[in-house]
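From first to last, the protein sequence lines stand for chains S and U.
Numbering (my numbering) for the first sequence: -10 to 286.
Numbering (my numbering) for the second sequence: 29 to 248.
In short, the hints are calculated from the structure, not lab data.
Careful, some of the hints might be misleading.
One-sided excerpt, in silico: chain S residues whose CB lies under 10 Å from chain U [what the hints assert, rightly or not]:
#1 Arg(-6)
#2 Lys203
#3 Ile206
It should be emphasised that the depicted structure is a prediction, and the values quoted were computed from it without experimental measurement.
Idealized CB from N, CA, C, for every residue including glycine.
In case you want the letters, here they are:
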Amino acid sequence: MERLRYILQDALVNIRRSGWGGLASIGTIAVSFVIVGIFLIITRNLGAVVAEWKEQFQVTVFLEDGITAEQLALVKKRIQSERAVRAMTYTSKEEALQSFKRELKGKESLLEGLGENPIPASLQLRIHEAYQTPEALRQFAAFLTRLEGVEDVLYGQEWVDRVASAVRVLRLLGLSVGLALGMASLLIVSNTIRLAVYARAEEIEIMRLVGATKTHIRAPFLLEGMIQGGLGAGLALLLLFGAYRATLWQLQLTPGQIFGVGVGSFLDPRWATAMLLAGASVGAFGSLISVGRFLRA
Amino acid sequence: MIQLFHVYKTYARDVEALVDINLHIQKGEFVFIAGPSGAGKTTLLRLIFRDELPTSGQILVNGRNVVKLPDRAIPHLRRSIGVIFQDFKLLRDRTIFDNLALVYRVLGIPSATGKRKVANLLKLVGLSHKVQMTPYRLSGGEQQRVAIARALMNDPLLLLADEPTGDLDADLSMDVMRLLGDINARGTTVVVATHDLDVVRELGRRTIVLKAGRLVEEHP
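So here's chain S without its partners, still in its complex pose:
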């Protein structure tokens, strides 16, 4: 217990003495984590948008005007037995017209003179996510088109896929940039700690000679690295949060409004904690690199 207190004191003394070097360490980690954090926020939000789209994604099957009740029943039955279909709703010609009118609010006059209702009845299909690949959808659409009484099939999957693959690319990019910056942070921390170790070389030598264990000698430096890393990551989170708030304010939005689909959020607590831990780990590892080489029995 006593020893733990001494180790903590030593670590704090080290940090105080590290001065500009220590601040540079913390700053580098903060900058790296801000960049990684930006990628994280963007990919996580875009990912949520894609998930939302996939959730809401539907295939619309337009029916021929002359479809008979038996044909309709058969089409419904055939479609419902398909594994790709999660849910199905039927919209009659009349309902479709009403909802179209609602959308045209104030400009109903446009519809005058059309005489007979021009809008077809349709089936809206919710599709299981596993079947939302372009290939599966093309096959499914082909199957639907061949059904008796089906006029046309409408789906707009391609751009959802494009966004999804953009998210994948961003994630990959973020990962590689993150790794590169993580390495840079590691080297900077390791260098700062190495200077701290050199500055205390005499003291370490004396500690060794009066019977300090390696763990005891190493621990303050390890802690120093972890604190630097943690502070860097914490600073990054603060900066990111500030920037996030400022962006929302600039765009006159409240959280959750971006894209209008319940996303546009900051990093959730789990990710924020993960970033802090990652910062501390980078610091600890950088410290170990420096101290490990220095010590002998």
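Since the structure of chain S is already known, use the hints to place chain U on it.
Using the frame of chain S, we list chain U on its own:
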């Protein structure tokens, strides 16, 4: 307390620091290791607190074979030994108090106990009034006494002193020797390496003489 059996130490390029040393030091003894510089005195001391390994031979300290000691057991050995280094090894940018406190922090002694210990030892070496000074402001003799106090911080069974009278004039040398004698009188085994034959002669303690790494004389 200390037993050496056929101990050889050869550094790179066949520099023979110690050649076939056999030695037995009893618990509670006061022993001089005398000889000119380069005779192997410092090497001998460093072997005892396992700062170096012998090229061959066995060394027992307090019943333990330090040659076969695993790395993780070395700190434990060193905690039972006090060492006064030739160059003092004091931290120049710390106060005398901090220099001594370093030891109790390493040992994990609660700070209240540690502080009391520092105060007692500084009283013993007569430096209580300089506790907040840095070594810069102390004379050579005073620094030597700080080094002695630090070596006693862990209540060692064995005290090794490497040229404790190195740069001191005759009077101060005798002061330091008297202090080491007092420590020995309280039960600590004391081994002093020195080139100062006047001091050795005057004290008439058991003396082992090294020359070019060989044990050439032993008296009485």
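Legend entry - Interface hint outcome for Arg(-6) of chain S [beta carbon to chain U under 10 Å]: This interface hint holds because 8 Å falls under the 10 Å limit.
Inset, instruction - Classify the hint on Ile206 of chain S as holds or violated, based on whether any CB of chain U lies nearer than 10 Å to its CB. - result: At 9 Å from the nearest chain U Cβ, Ile206 of chain S passes the 10 Å test, so the hint holds.
Legend entry - chain U contact restraint on Lys203 of chain S - CB to CB distance below 10 Å: Since the shortest Cβ distance to chain U is 8 Å, the answer is holds.
Hint violations for this structure: none, all hints satisfied.
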